[in-house]
Amino acid sequence: MKFSTAIIVSAISGASAFTLPKGRVNAPLHMSSEAIEMPEVPEPTPEPEPELPMMSESLPFMERPAFLTGDMAGDVGFDPLGFVKSEEDLMNYREAEIKHGRLAMLAAAGWPLSEVLDKKIASALHMAPVLDASDRVPSILNGGLGKISPLYWVGCLAAAAAIDGYGIYRSKNTSDYIPGDFGFDPLGLYPKDEEGQKNMQLAEIKNGRLGMIAVTAFAFQEFVSKVGVVDETPIFFFPISSVLKAYANSGYVN
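Under this note's numbering, residue 254 is the last one in the sequence shown; the count climbs by one each step, no gaps.
Note that these hints are calculated values from the structure, not bench results. Errors might be hidden in some of the hints.
[What the hints assert, rightly or not] Below, a list of computed lysine to aspartate or glutamate pairs in the EDC-like style, where the Cα atoms sit at most 16 Å apart:
id	residue 1	residue 2
1	Lys206	Asp75
2	Lys119	Asp135
3	Lys99	Glu204
4	Lys198	Asp75
5	Lys198	Asp181
6	Lys198	Asp176
7	Lys120	Asp135
8	Lys119	Asp231
9	Lys206	Asp135
Build the full structure now, drawing on both the sequences and the hints.
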């Protein structure tokens with residue numbers, strides 16, 4: 001009997017080893033909501049647009065015209081007479097400036113070349129040269145425009161009208177049209193990147209403005225001095241040897 005009682009007691013004490021001690025709560029495991037919350041990533045704030053200067057870059061003593069914001073190539077806020085009253089005016093004036101600049105660049109090169117080559121070409125074709133006795137080209141100030149065939153003027157007007165009409169067509173049917181963009185780039189020189197395009201546009205507008213100044217200077221210079229441009233600055237247009245020889249013999253050899 002004592003033996004069976006000992007067995008029962010040992011069985012009960014062994015089973016108690018697998019029971020949880022009193023006072024301990026078997027709570028389910030869970031993760032804290034704070035632990036799984038992802039940190040908020042702040043949204044990138046757009047950079048503020050640079051403030052436009054109050055004064056004109058070209059004329060610092062005058063206020064910058066409202067529509068000359070510097071976005072266009074060559075725009076330095078120069079409009080002292082206030083011609084630009086709207087965005088449309090700005091586009092029209094830039095279109096006119098580009099066209100006159102391109103024409104002036106051609107004229108600035110053609111003016112002295114005509115003084116150098118006119119007599120030679122006329123002699124080869126058995127025609128009368130159009131230069132006057134002082135080797136000056138025909139112009140409004142120099143005179144002599146009557147020597148030019150009317151067919152030449154008709155051809156010039158027809159070509160100008162065709163080019164202008166094509167420009168108007170492109171301006172109304174091209175979404176990203178900019179003034180002077182005729183899509184003419186047979187050699188593929190126009191850059192593909194935006195920075196390169198800006199530089200090309202800036203170079204064209206600067207050279208065009210310089211060409212307009214040069215042609216105006218040619219006309220007044222020849223009118224005042226009564227001497228052709230190439231004769232006043234022969235070192236730019238004739239071989240250096242012949243120029244030095246002419247200078248050396250000037251006044252000494254008939």
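Between Lys198 and Asp181, does the CA-CA distance stay at or below 16 Å? holds (13 Å)
Is Lys206 close enough to Asp75, meaning Cα to Cα at most 16 Å? holds (10 Å)
For the pair supplied as a hint, Lys206 and Asp135, is the alpha-carbon distance within the 16 Å limit? violated (30 Å)
Need the status of pair Lys99, Glu204: alpha-carbon distance at most 16 Å? holds (11 Å)
Straight-line alpha-carbon gap Lys120 to Asp135, limit 16 Å: holds (12 Å)
Hinted pair, alpha-carbon criterion (16 Å max): Lys198, Asp176. Please report holds or violated. holds (14 Å)
CA of Lys198 to CA of Asp75, is that 16 Å or under? holds (12 Å)
Mind checking the alpha carbons of Lys119 and Asp135 for me, to see if they're no more than 16 Å apart? holds (9 Å)
Would you mind confirming whether the straight-line C-alpha gap from Lys119 to Asp231 stays at or under 16 Å? The given pair, whose Cα atoms are some 14 Å apart, holds under the 16 Å limit.
Of the numbered hints stated above, the single one contradicted by the structure is hint 9.
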